[in-house]
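Given next are the chains, with one letter for each unit.
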Amino acid sequence: MNRRAQLSALLALPMLWLIGIYIFSLIMLLVTAFWVTDPFTSKVKPGFTLRNFEQIIANPAYASTSIRTLGIALAVTVLSILISVPLGIFMAKVASPKLRAILAVAITLPLWAGYLVKILAMRITFTEDGFFNSMLGPLGISGPGFSIVTVVLTLTYLWLPYMAVPVYTAIRQLPPNLFDASADLGAGAGFTIRTVVLPLIKPAIIAGSIFTFSLSLGDYIAAKFVGGSTQMIGSIIASNINLNPPIAAAFSLVPIAFVVVYLVVVQRTGALERM
Amino acid sequence: MLRLSLGAKFTLGTIVAIALAFMYIPLFLVVVNSFSAARLSSWPIDSFSTIWWEKAFVSEPIRAALLNSVIVGLGATTIALILGTLVAFALQRYTFFGKQSVNLLVVLPIALPGIVTGVALNNTYNRVLEPIGIEVGYFGMIIAHGSFCIVMVFNNVLARLRRINPSIEEASRDLGATPWQTFRLVTFPQFRSAFVAGAILAFALSFDEVVVTIFTAPPGVDTLPLWIMNQMARPNEASLVNVVATIVIVASFIPVWVSQRLARGADERD
Chain U
9 MNRRAQLSAL LALPMLWLIG IYIFSLIMLL VTAFWVTDPF TSKVKPGFTL RNFEQIIANP
69 AYASTSIRTL GIALAVTVLS ILISVPLGIF MAKVASPKLR AILAVAITLP LWAGYLVKIL
129 AMRITFTEDG FFNSMLGPLG ISGPGFSIVT VVLTLTYLWL PYMAVPVYTA IRQLPPNLFD
189 ASADLGAGAG FTIRTVVLPL IKPAIIAGSI FTFSLSLGDY IAAKFVGGST QMIGSIIASN
249 INLNPPIAAA FSLVPIAFVV VYLVVVQRTG ALERM
Chain E
8 MLRLSLGAKF TLGTIVAIAL AFMYIPLFLV VVNSFSAARL SSWPIDSFST IWWEKAFVSE
68 PIRAALLNSV IVGLGATTIA LILGTLVAFA LQRYTFFGKQ SVNLLVVLPI ALPGIVTGVA
128 LNNTYNRVLE PIGIEVGYFG MIIAHGSFCI VMVFNNVLAR LRRINPSIEE ASRDLGATPW
188 QTFRLVTFPQ FRSAFVAGAI LAFALSFDEV VVTIFTAPPG VDTLPLWIMN QMARPNEASL
248 VNVVATIVIV ASFIPVWVSQ RLARGADERD
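If you're matching them up, the sequences are chains U and E in order. Every letter in the first sequence is one number past the one before it in my numbering, and letter 28, counting from 1, is 36. Every letter in the second sequence is one number past the one before it in my numbering, and letter 204, counting from 1, is 211.
Below, a list of computed lysine to aspartate or glutamate pairs in the DMTMM-like style, where the Cα atoms sit at most 25 angstroms apart:
#1 K62/E with D229/E
#2 K16/E with D192/U
#3 K16/E with D188/U
#4 K53/U with E142/E
#5 K106/U with D188/U
#6 K232/U with E136/U
#7 K51/U with E62/U
#8 K106/E with E176/E
#9 K232/U with D137/U
#10 K51/U with E142/E
#11 K210/U with D192/U
#12 K53/U with E137/E
#13 K210/U with D188/U
#14 K232/U with D229/E
#15 K51/U with E137/E
Take a look, some chain U residues computed to stay more than 10 angstroms from chain E by CB distance:
#16 K106
#17 V273
#18 T277
The hints are simulated quantities; they were obtained by calculation from the structure and are not laboratory data. Glycine included, C-beta positions come from ideal geometry on N, C-alpha and C.
If we strip away everything but chain E, and leave its shape as in the complex, we get (with noise of 0.2 angstroms):
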């Protein structure tokens, strides 16, 4: 064991609780500013009202955005769901030169910073595409989401993949499926959970983003993350971004406790 003295694990304590308080207070600030009745975010605060709640729910910019950003963020795993698993497939089933780089390739688009991926994909929207005459528009959003969310659904399935026992398919060909049916029958059932996690995180990786949606936005169009960002820009209702931000942490607990419960249910399988 470690053993420290009394003092040292009152210090470590101490840390601990200041960086706990460091990381939740200030979202208990954004929930409870929420419920102002004030303009503007202050504290202490005055008067508690539920008016911006009300008027959070009727608004019509909030729900356009809110929209938009559901369209996005299913459209982008759509396309890093295709694509993922059949990156991940060809890295865990095959050795082939250049795996490595494949490997690279998946990572980059969220391992550079997001303003680098943001500028070179409005350069090309802009000034490759547009004067051949192809406009992408409302496209340009959901191309550039699919391609930092294909990481998630490859982790996710790379790693389940390489814990799946080879020799259940094997015995599934030799039975005479087709390799279709095994695939439907045999292999899927085995990744589904896996496919299912790296969805819901895509989707939340998408619904997140900001960087790279300024710039790949067409004029005009809000999702929920550039709506708040606008906002804050302009804090003329600032307590109204905190009913947004407030429904935002709430519903970004759901989704990571319903995948980490899938991933849970899937080790206690094995």
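Just chain U, with the same shape it has in the complex (with noise of 0.2 angstroms):
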């Protein structure tokens, strides 16, 4: 057999799986987005119409959730980096090595605690009668109870982990010469942290925040269990499946190009070159 041909052997199965069946789907979902729904019988009629896409852009309510979504994929974001970027400097400059295993272990294990069960935690933790309540009531602190914040931090509990271990593992890989270089010259540690860690460990951070951002973009478990009334642009997409698909289909496509802007602005920094 010749190369190209034990290539096409290799490559055939899965190919013919993922776009057989995965792409041929998201285009099937972009087709779906221009069929009309029969307004009396609600049935899916093929066609052509734009629609779908002009009721997401008139309906204020489909607007108005598209930018709450995307202001909390950006809260969650930048929650994440301000948490990961201390407790990187605490483990990788503070930590002594042994206190630096158990942190490592401590911050991916919660990764893999499952993903409704966190949901679930925080659901306990922030509810009326729960920990958060009765633990700062006597102090006069009252929770967010279930609202956009909790949103915002459980999403924040969920991804955390994809911020934080690429950015330890950045600050760990920084020569400590650079450290003694800036001391000497007069800095001191905010100065250095300032203008010489976080422009190196940029890449890292980004890379997490394609992780924060896009998976916090697409999530709605989260607002239906712990955001009250707070609707994300999944809740909208998950409650038309079934009556109106043409426009289950047409936002779906909103979150893919808020991922993809989102990227493309990434790719500009040159950041994903390094990575």
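Combine the two chains into a complex, taking the hints into account.
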């Protein structure tokens, strides 16, 4: 067998699967977004209409949900960075080797605890007569309850390891003499972190942010269980999938568009090549 | 060294402590609440009991959901092992036009939001296949899970293949082994642990998946996460969910531990 035939033999089955099922489904989803729903029978009919997209743009609830979801995804990303950088600096530069090993396991382990389990855990923590309110209630602090704040906290809880692990790894790999040089030149710790550490770990932060951003963008289970009345893009897609599939199909292009725009912006910064 | 003042170290330490509390207290609450006698989770817990554990062990719906999760997980893992290994070999051993696209194609089902994958497959099952008389039923779930699990096996096997010394296979061929003998006796043993680690991760990913499952599960069929979600939506026996969640927490740490041991064992041998 020549090499070309060998390669075809290796790739035939996987490509048949991924293109024949997955890519085909994505294309059919795109096509369905242009189909028509009969308002009386709610049967979907093949055709070509831009009405589904017009409805999405014209409906203020859809626009505000898209913006809210984008805001939530960005907030989760920023919060994850704000936790991961101090965590990474502490682990790499302050903790003893033993404590460092323990912390490295401690930040990766919850990643595997189960997605719904973590949402359930946050639900128990922030419920009306739950842990948060009962611990901080005596201090006069009342928790966020089930609201958009809890959604941001829960999504951060879910996706933090995707940011914390690459950031920690990047800080670990910084050559120690950079810190010596910075200190010798008279920079304080804060100045060193701002002007030496942060620029060098930027690729790791961006790599992590791709996960925190896109995973948050597509989520709606957290909003459903800890968000109270908070709706996200996924909530609208899920509630339309049976009633009005073309609208659901058209609206599911919104998170894809956000992710693609985000990736393009990130690529502009040149961080992807250094990942 | 980074010279941090005592105050700065203290601030960093406090942030780390808060972050860890933020990660572990909620999980701890789930475990503790599974031993609560009350129907609903609350804090502090008034009285402790193992009644929910007893109920969970004899619950027929939980057993059925667990069985479904295992069947789907095993099916998806089998698909992922075959397809993931094939792609890993193709990308590591050959250079060809469109290599990057193939790589992207493998990553795409996990990179796109779960709801997009779920809605897309749901659309194909219900509005393309059903009208022409094909009912995917139970297999719809396995096909969906298989698609996004491929990347787990692919990543693990590819990383290992890159580190295998090609001259060992050449030696095997020079000594007269057939291609199949070389694969079975020389190549496969070298990436076997990565293969197993990939299988464990694929199974864990499938076992934990919710969103794609919601849209691809046939009516009336629950996987364990779907069962948990439905119970959370009707929180009449919330404490029962805590028992199942506790089992999931404990069970999910085991495969991670095993796969890390496998990965480390291989690194030490290299």
